[in-house]
Amino acid sequence: LLVDQPFFTVRDEAAVNDLVYVNKCLRDHLTKDYLGVAFVQGGILAVKVKGSALGSVWFCAYDDARDHDGLTVQERVEQLLLPCGDDFDDFLRRLAGSPPELETVANLMVDGGFAYAVPVEG
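Quick note: the sequence shown uses the working numbering, first residue 1115, plus one each step.
Hints may contain errors.
Stated by the list, open to error - No farther apart than 25 Å at their CA atoms in a straight line, the calculated lysine to any residue pairs in the SDA-like style are these: (1) Lys-1146 with Asp-1183; (2) Lys-1146 with Pro-1197; (3) Lys-1164 with Val-1124; (4) Lys-1146 with Ala-1129.
Hints listed in this document are in silico derivations from the structure and should not be mistaken for laboratory results.
Taking the hints into account, I'd like the entire structure generated from these sequences.
Printed below as a string of structure tokens:
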């Protein structure tokens, strides 16, 4: 799982990264028990917001080979979502460090003024 894109935000107008708009578009992938919070490489990162395991983090792949026509949204959630952490802190702890190549690209983006460096605590 490569987290390389900004998380969704709350905006005044619908946009491709607006939390409300995106989640309306994801209703064929996620039930209302899940809140999509980010696009990541190959899929969607979601947090469980209703029912058991509140706050747990899940991955929904775009091209899961197990997915097929005829699955309901509930079946998709039950069969295809992959657990990524019991809560968001657990999810963050499980992420691997960045490969050196990604750090090089990130530094070039900051040096070129295309991104800001954000210190990570902990």
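Inset, instruction - Quickly compare the C-alpha distance for Lys-1164 and Val-1124 to 25 Å and report which way the hint goes. - result: Judged against 25 Å, a Cα distance of about 20 Å means the pair holds.
Legend entry - Satisfaction of hint between Asp-1183 and Lys-1146, Cα-Cα up to 25 Å: Holds, because 21 Å separates the two Cα atoms, which is no more than 25 Å.
Inset, instruction - Verify the proposed pairing of Lys-1146 with Pro-1197, using a straight-line Cα cut of 25 Å. - result: holds, 17 Å
Legend entry - Pair hint outcome, Lys-1146 versus Ala-1129 [Cα-Cα no greater than 25 Å]: holds, 20 Å
No hint from the list above goes unmet by this structure.
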